[in-house]
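*Asks:* Spelled out, the chains give:
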Amino acid sequence: MRISKAIFPIILLAAVLRLTAFGHNPPGVYLDEAAQGYNAYSLLRTGKDEYGKSWPVFLRSFGDYKMPLYAYLTVPSVKIFGLDSFSTRFVSAAFGTLLVGLIAFWLGPVAGVVAAISPVLVFMSRTAAEANLALTLFFLGVALALRFFRHRIFLPLSFLFLALSGYAYHSYRFLSPVTVLYFTLIYRKHRPLIYFSLIIFVASWLPLIRLSFTPGANSRLTGLWSPSGLVRNYLNYFSPGNLFSRPDPDPQRSYPELSVFYWWMSLFLIAGSAVLWHNRKSLGPGAKTLLFILFAAPLPAAVTREYFATYRVLPMFVCIIWIMSLGMRYLIAKRYLLYLGLLFAGLFDLYSASVLLQYDRARAWNSEYRDLSTFLRDFDQETVLVDNSRLGPAYILFAFYRRADPSLLQSQSSEGFLQNYYSRPEPDPVKNLANTQFRPVDWQTDIYRKQIISADIMAVSPQQAREHFLYKLGEITDFDGKPVLVIYRTDPASKCRSLAVPAPPCSALGDY
Amino acid sequence: MFRCHWSKPRLQSNSVRIRLLLLYFVLILLPLGVLTLRQVHGLTDLDIYRISVRRQYFPVSTARIFQNKILESFILSREKLFSVFYF
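Chains E and X are the protein sequences, given in the same order.
Everything in the first sequence is counted per the working numbering, starting at 1 for the first residue and increasing by one.
Everything in the second sequence is counted per the working numbering, starting at 1001 for the first residue and increasing by one.
Be aware that one or more of the hints could be misleading.
[Claimed, not checked] Capping the alpha-carbon separation at 20 Å, the derived lysine to any residue pairs in SDA-like fashion look like this:
1. K1080(X) <-> P256(E)
2. K482(E) <-> R1055(X)
3. K450(E) <-> E415(E)
Because the hints were derived from the structure by calculation, they are not lab data.
Everything numeric in this text was worked out from a predicted model, so none of it was measured.
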């Protein structure tokens, strides 16, 4: 009873931290977010994804074959709020807040408060992170399985949630069946019920199983597969340096200067581990299950070549939150002091990191492409080339910001392409969106065509611009006022006149 | 069965609690304090420039609280100290 009273303020705290300046911070949208949002928009408008595939089991996106559940659940929010960063991130925030409530109810209010303020969970809930959706579905499944003695329907329901988490994020295609196997073993005496639950799980996974051996289904794994560093990678996820000090190396997955947890939480992890060790002979099934998840969750991430990818191991952080909450309750007897201390210390760091995120990481979140998309609206009647040498799938940002008609992208897919939809993991080198083409600049031909060229400052140097008669129309700057993208207009006639021996494309220009 | 927390964690010995806090003080807090004090005097021009740039991101009234030499030194020292505990 006491716990249920505490849940509401904790959920409120979680919601405030996740929804303040929601949609604006992080600034811009990342490619994956834009892909989730735009595919939800495309599904809403046409019932098909950006390639014209009806309700696919994997979203091809830009060849990485995302799990589709996040985009499907985003369809209602895009319908209500329209396509923007708010509606795209809404599902993640809603499920992230729900997860805090679940943790408070299941693991106690102290764990709930820690989950509400933990940088990693706050950050994931503020972005369109399909891993966050999968995490909540996964722990709903685990909590229901542990509670099935109260209601027998909880076990099949649990297996259904575990199956759904597999449709939300790739890591759970490993973790869910392993967890189902774990529960099957510990509940093996309840045979009819466990058989029924297994049938539910397998039936829910049939579409996934049917496509499991296609190149698309495994494109993420084959792209990242690197088992040679398995042991070192696995241990990285338990390293105090990674957990409490150094942020995730991927700038789209962490706050600046904040790690998974606040540095001072290391004290409580040590104390919690001591409590666990002391009680090791009297651990209940709930505690054993959490320890099982703690050690199983990093396995799918450890076989990839990435050093420390928080995104792939979120379930282990929930287990660490539980251990830290044990340490907090052991070390600090006065509960109100604990809550006040957690709030003050946590919010100080979180506020600072949120402000820095908005400015320091603006480029990591492609905020410059939002401005470029707006700038190029004035050139709708001309041919535009956007150089994508450094940001291959830049087209999806334009489609997202302009709310492009899905048929513009869908019309580029042939019938044969759709028949082999799950077998094409290679990214598309060229994309067209109305008058705009996305591909690297070809210096042999593009300067001899009358068009607008947009490129980052690395792709076209001022010397090249002078040499090829590219006239600057404008530039997009970052928050510090430094140019990051430059927009030029070509002048093929002047370029051809400047040549002693005319280049072959000049003949097409006639009397220049 | 369901809940994974004991009504009171069963490790009530006060001496364990004191030993834990003492260990944390000696292993983390004390070195962190000493390193921070040393780092304050060892900040490079680039570090100080970064502080001044980042101050512009915060409201004027609070900029000094969130961006100052001590906090910058603390963050650098924290990374240095925790790097000892990398696996």
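*Asks:* Mind listing which of the numbered hints don't hold for this structure, in increasing order?
*Replies:* 3
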